[in-house]
Amino acid sequence: SFRSVGDALKDRFDGASRVMVSNTELEAPAQRNDAAPHRVPRRDRYRFQLRPHNPDHKSPGSKDLVYLEPSPGFCEKNPRLGIPGTHGRACNDTSIGVDGCDLMCCGRGYRTETMFVVERCN
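For the sequence shown, the residue numbers in full-length UniProt numbering are 1 to 122.
Do not rely on the hints blindly, as some may be mistaken.
[Said to hold, decoys possible] Simulated DEER-style distance windows between Cβ atoms:
#1 V98 with P70: 35 to 41 Å
#2 Y110 with F48: 28 to 34 Å
#3 P84 with F2: 28 to 34 Å
#4 E69 with R120: 18 to 24 Å
#5 E119 with S4: 36 to 42 Å
#6 L65 with V118: 47 to 53 Å
[Claimed, not checked] Listed below are the simulated SDA-like cross-link pairs for lysine to any residue, each with C-alpha atoms no more than 20 Å apart in a straight line:
#7 K63 with H53
#8 K63 with V98
#9 K63 with S22
#10 K63 with N122
#11 K58 with V19
#12 K77 with C91
#13 K58 with A16
#14 K58 with H87
#15 K58 with R12
#16 K10 with D64
#17 K10 with G61
#18 K77 with V98
#19 K77 with H87
These aren't lab readings, by the way, just hints derived from the structure by calculation.
Positions of the beta carbon are idealized from the N, C-alpha and C atoms, including for glycine.
Given the sequences, and given the hints that come with them, work out the whole structure.
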């Protein structure tokens, strides 16, 4: 189901490992005597080694989710990366989700406003 796929992806995301690409395996494959010597055989195309960024961690498995560099912070404005920041955005002070003030305000604190809206009934 969609839910089980989402849960599995979230588990992998939460356990993702930072890695570096090892250059030891990036040598050119042995030359072969065939019609297309410039082509790399499919089995050799992605022959490189992913090493953990922290040497105390184990190398990732074939089903592990990995990343090469950490994501930028989204709390502060960064025009170069197109990140608007979260300052001044409306948040939900009762939510524990991504729209919640604790998460969205990045620990900076927030102020609450109470608004009364009068609407006509149908």
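Tested hints:
no., hint, in the structure
1, V98 with P70: 35 to 41 Å, "violated (19 Å)"
2, Y110 with F48: 28 to 34 Å, "violated (46 Å)"
3, P84 with F2: 28 to 34 Å, "holds (30 Å)"
4, E69 with R120: 18 to 24 Å, "violated (54 Å)"
5, E119 with S4: 36 to 42 Å, "holds (41 Å)"
6, L65 with V118: 47 to 53 Å, "holds (50 Å)"
7, K63 with H53, "holds (18 Å)"
8, K63 with V98, "violated (27 Å)"
9, K63 with S22, "holds (19 Å)"
10, K63 with N122, "violated (55 Å)"
11, K58 with V19, "holds (10 Å)"
12, K77 with C91, "holds (17 Å)"
13, K58 with A16, "holds (12 Å)"
14, K58 with H87, "violated (39 Å)"
15, K58 with R12, "holds (16 Å)"
16, K10 with D64, "holds (12 Å)"
17, K10 with G61, "holds (17 Å)"
18, K77 with V98, "holds (18 Å)"
19, K77 with H87, "holds (8 Å)"
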